[in-house]
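There are 2 protein chains.
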Amino acid sequence: MPKLDLSQTPFRTGSGYPGRLAEEVVGRSSQRLGDAGGLTQFGANLVRLEPGAKSSLRHWHEQQDEFVMVTEGVCTLIDDDGEHQMHPGDCAAFPAGDPNGHHLVNRTDAPAAFLVIGTRTPTETAHYSDIDMKVVQDATGSKFTRKDGSPLTADQIGETKHG
Amino acid sequence: MPKLDLSQTPFRTGSGYPGRLAEEVVGRSSQRLGDAGGLTQFGANLVRLEPGAKSSLRHWHEQQDEFVMVTEGVCTLIDDDGEHQMHPGDCAAFPAGDPNGHHLVNRTDAPAAFLVIGTRTPTETAHYSDIDMKVVQDATGSKFTRKDGSPLTADQIGETKHG
Chain A
1 MPKLDLSQTP FRTGSGYPGR LAEEVVGRSS QRLGDAGGLT QFGANLVRLE PGAKSSLRHW
61 HEQQDEFVMV TEGVCTLIDD DGEHQMHPGD CAAFPAGDPN GHHLVNRTDA PAAFLVIGTR
121 TPTETAHYSD IDMKVVQDAT GSKFTRKDGS PLTADQIGET KHG
Chain B
1 MPKLDLSQTP FRTGSGYPGR LAEEVVGRSS QRLGDAGGLT QFGANLVRLE PGAKSSLRHW
61 HEQQDEFVMV TEGVCTLIDD DGEHQMHPGD CAAFPAGDPN GHHLVNRTDA PAAFLVIGTR
121 TPTETAHYSD IDMKVVQDAT GSKFTRKDGS PLTADQIGET KHG
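For the record, the sequence lines run as chains A and B. In terms of the numbering used here, the first sequence opens at residue 1 and continues consecutively. In terms of the numbering used here, the second sequence opens at residue 1 and continues consecutively.
If you are wondering where the hints come from, they were derived from the structure by calculation, not from laboratory data. Only a predicted model underlies this, so the values are computations on that prediction, with no experimental measurement involved. All C-beta atoms in this analysis are idealised placements derived from N, C-alpha and C, irrespective of residue type, glycine included. Honestly, I wouldn't trust all of these hints.
If you want the footprint, here are the derived chain B segments under chain A, 3+ residues with CB under 8 angstroms [what the hints assert, rightly or not]: (1) 31 to 37; (2) 70 to 81; (3) 91 to 105; (4) 110 to 119.
Next comes chain A alone, as it looks inside the complex (with noise of 0.2 angstroms):
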């Protein structure tokens, strides 16, 4: 039925950045309700940030509207402009296409967690803002490479091993 029964929606953790880039959002998980509920045109996913985690790498959308509202607990917006302070019922939109790079980090000592609405379509690229990074997505997956379309370097994705 519509109502969704968020006890029964599962926590996604991980991610899909490469190496040692999947090390930036430890502390993040998600509930994609938007999925749990049957929608296809655009996400709808509850991310949890615990203390101290990042709801992803700072980055910008080509082609896909964004939206957040902030449901617990307070996250710090972050983009070109400096930092914004954000608590339960505030908002913020990022329109396909402008590339202020934006992301909310968690630096109280409680969760916090916002609701987040971006745009599915065929094809995306995202840039992202403070490291030399792009991805291209389409319907065979996700390509993480430099801004210029050649591979990533060790040094970016290196394991911790190597380190």
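Dock chain B against chain A, hints included.
Coordinates of chain B only, in the frame set by chain A:
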């Protein structure tokens, strides 16, 4: 900037419903947060329901996914399966094309509010579950008719002065 100042986002009241049907959503107001943030691919509206108010006439969409999260108070979701109480944090999803008409009603003595996300599409048809009406939307606007496409009757939409 991406973070929205909700205190500066106007509350819209009124309705596109024809004739006296507009009275069905008295007590409803909404802030178009996605529009305020420059989004175009989906609507993200914060809807406030005064005691007794309804979100809409009960309806479903042919082409547009819809997602709801209650943010304040208690809403009663009414759909083909019955009635479901929804508290802050509770969510519901309505996939495009699922003919399960739905709306939210505030049956409490306190205000209630919810965030609703709906895909934007160039054209759309929505069907009303409890009355003989549908609406076809395209670039020229919204056209309300009976389900067979014939004009609504005076009995359906006549002003109170005729009653």
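These are the hints, each one checked on the structure:
Three residues within the 8 angstroms Cβ limit are the bar, and the segment 31 to 37 of chain B against chain A gives 4, so the coverage statement holds. Under the rule that three or more residues need a Cβ within less than 8 angstroms of chain A, the assignment of the segment 70 to 81 of chain B holds, with 4 such residues. Restraint check on the segment 91 to 105 of chain B versus chain A: 9 residues with Cβ-Cβ distances below 8 angstroms, three needed, restraint holds. With a cut-off of 8 angstroms between beta carbons, the segment 110 to 119 of chain B has 3 residues touching chain A; three or more are needed, and the interface restraint holds.
The structure shown violates none of the earlier numbered hints.
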